[in-house]
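*Asks:* Here the protein sequences line up with chains S and V, keeping their order.
FYI, this note's numbering numbers position 24 of the first sequence as 465, with every residue one higher than the one before it.
FYI, this note's numbering numbers position 91 of the second sequence as 94, with every residue one higher than the one before it.
Source of the hints: derived by calculation from the structure; they are not laboratory data.
Given the structure is predicted, the values throughout are model-derived calculations rather than measurements.
Misleading hints may appear alongside valid ones.
[To be verified] Listed next, with one range per pair, are the computed distances between beta-carbon atoms:
(1) 468/S with 29/V: 33 to 43 Å
(2) 24/V with 456/S: 37 to 47 Å
(3) 41/V with 514/S: 28 to 38 Å
(4) 443/S with 20/V: 32 to 42 Å
(5) 459/S with 48/V: 38 to 48 Å
(6) 496/S with 53/V: 17 to 27 Å
(7) 465/S with 28/V: 30 to 40 Å
(8) 5/V with 468/S: 31 to 41 Å
[What the hints assert, rightly or not] From chain V, some residues computed to sit far from chain S (all C-beta separations above 10 Å):
(9) 11
(10) 12
(11) 13
(12) 16
(13) 31
(14) 38
(15) 60
(16) 68
(17) 78
[To be verified] Facing chain V, a subset of chain S residues (Cβ under 7 Å, in silico):
(18) 467
(19) 491
(20) 494
(21) 496
(22) 500
(23) 562
(24) 564
(25) 567
(26) 577
Note that the Cβ used here is the ideal one computed from N, Cα and C, for glycine as well.
One letter stands for each residue in the lines below.
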Amino acid sequence: MEPLIQITHEPLDREALVASITHSGIGGIVVFEGVVRDNARGKQVRYLEYDVYPEMAIQQIRAIITEAEKRWGVDRVAVAHRIGRLEIGETSVVVVVATPHRAEAFDACRYIIDTLKTTVPIWKKEVATNGEEWVEG
Amino acid sequence: MKIHMRYFASFREITGQNEEILTVYEGTSVAEVRSLLLTHYPRLQTIMERSACAVNHGYVPADTTLHEGDEVVFIPPVGGGTLPSQEYPLWSH
Chain S
442 MEPLIQITHE
452 PLDREALVAS
462 ITHSGIGGIV
472 VFEGVVRDNA
482 RGKQVRYLEY
492 DVYPEMAIQQ
502 IRAIITEAEK
512 RWGVDRVAVA
522 HRIGRLEIGE
532 TSVVVVVATP
542 HRAEAFDACR
552 YIIDTLKTTV
562 PIWKKEVATN
572 GEEWVEG
Chain V
4 MKIHMRYFAS
14 FREITGQNEE
24 ILTVYEGTSV
34 AEVRSLLLTH
44 YPRLQTIMER
54 SACAVNHGYV
64 PADTTLHEGD
74 EVVFIPPVGG
84 GTLPSQEYPL
94 WSH
């Protein structure tokens, strides 16, 4: 089944993402949710701004999911990333992986979020109390 | 020939625009566009050294030859400062 890939300015809906990949053949679902933290490297973060190269990001996420399917036989995947301004505590990214058995779901979810963070063209600007900068990761 | 540059994140802020069309010689490489941009926007120097390049939505090496209408984007580090490895299957295209 085609993975669900979403890049949006709107708040992410974890429950809807989980529901979108749930069916009777799966034995486990692992959800990773990334949220905006109020501090980074000793700075007090006020909010974050995410920027994206949308066409390429979607293509790269699709390639990561294809690799996860090959390695772990993942059954269904949903990946959603929010862009624009995000406040402290808001969800920036959700990865949902469903597999027949749990071990593969954990491994595949970890692989997808780790690879996404290092290779998908989505950038984060930290706006802190003492200035702002584009940061890595 | 003409190529289509798009700018994101720090590139957008330094160039002050989302995109521009550049006219370059036939057979121009990614590395040559990199140099050209640095003459237009010297403030890109630091971030450029740490950036990868994508042509038509896929990562490419610097010696890649460009063609009419190509979309070229320099990709500043997105996480952990790791640039995509050429050997890694995800980045072949």
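*Asks:* Evaluate the given range 30 to 40 Å for the C-beta pair formed by residue 465/S and residue 28/V.
*Replies:* violated, 60 Å
*Asks:* If I claimed the Cβ atoms of residue 443/S and residue 20/V lie 32 to 42 Å apart, would that claim hold in this structure?
*Replies:* Given a distance of about 35 Å, which is inside 32 to 42 Å, the answer is holds.
*Asks:* Holds or violated: is the Cβ of residue 60/V farther than 10 Å from all Cβ atoms of chain S?
*Replies:* violated, 4 Å
*Asks:* Would the hint on residue 491/S be counted as holding, given a Cβ-Cβ threshold of 7 Å to chain V?
*Replies:* violated, 9 Å
*Asks:* Next item in the hint list is residue 564/S. Is there a CB on chain V closer than 7 Å to its CB?
*Replies:* Constraint on residue 564/S satisfied, holds at 4 Å.
*Asks:* Starting from the hint 31 to 41 Å, judge whether the C-beta atoms of residue 5/V and residue 468/S obey it.
*Replies:* With a Cβ separation near 53 Å, residue 5/V and residue 468/S fall outside 31 to 41 Å, so the hint is violated.
*Asks:* Between residue 24/V and residue 456/S, is the Cβ distance one that fits in 37 to 47 Å?
*Replies:* holds, 44 Å
*Asks:* Are all beta-carbon distances from residue 38/V to chain S longer than 10 Å?
*Replies:* At roughly 22 Å from the nearest Cβ of chain S, residue 38/V sits farther out than 10 Å, so the non-interface label holds.
*Asks:* Against chain V, is residue 494/S within 7 Å by beta-carbon distance?
*Replies:* Status holds, d = 5 Å.
*Asks:* Falls inside 38 to 48 Å, the C-beta gap from residue 459/S to residue 48/V?
*Replies:* Given a distance of about 45 Å, which is inside 38 to 48 Å, the answer is holds.
*Asks:* Taking 7 Å as the limit, does the beta-carbon of residue 567/S come near enough to a beta-carbon in chain V?
*Replies:* At about 12 Å, which exceeds the 7 Å cut-off, the nearest Cβ of chain V leaves the hint on residue 567/S violated.
*Asks:* Next item in the hint list is residue 500/S. Is there a CB on chain V closer than 7 Å to its CB?
*Replies:* holds, 5 Å
In summary, the numbered hints that this structure violates are 1, 3, 7, 8, 9, 10, 11, 12, 15, 17, 18, 19, 25.
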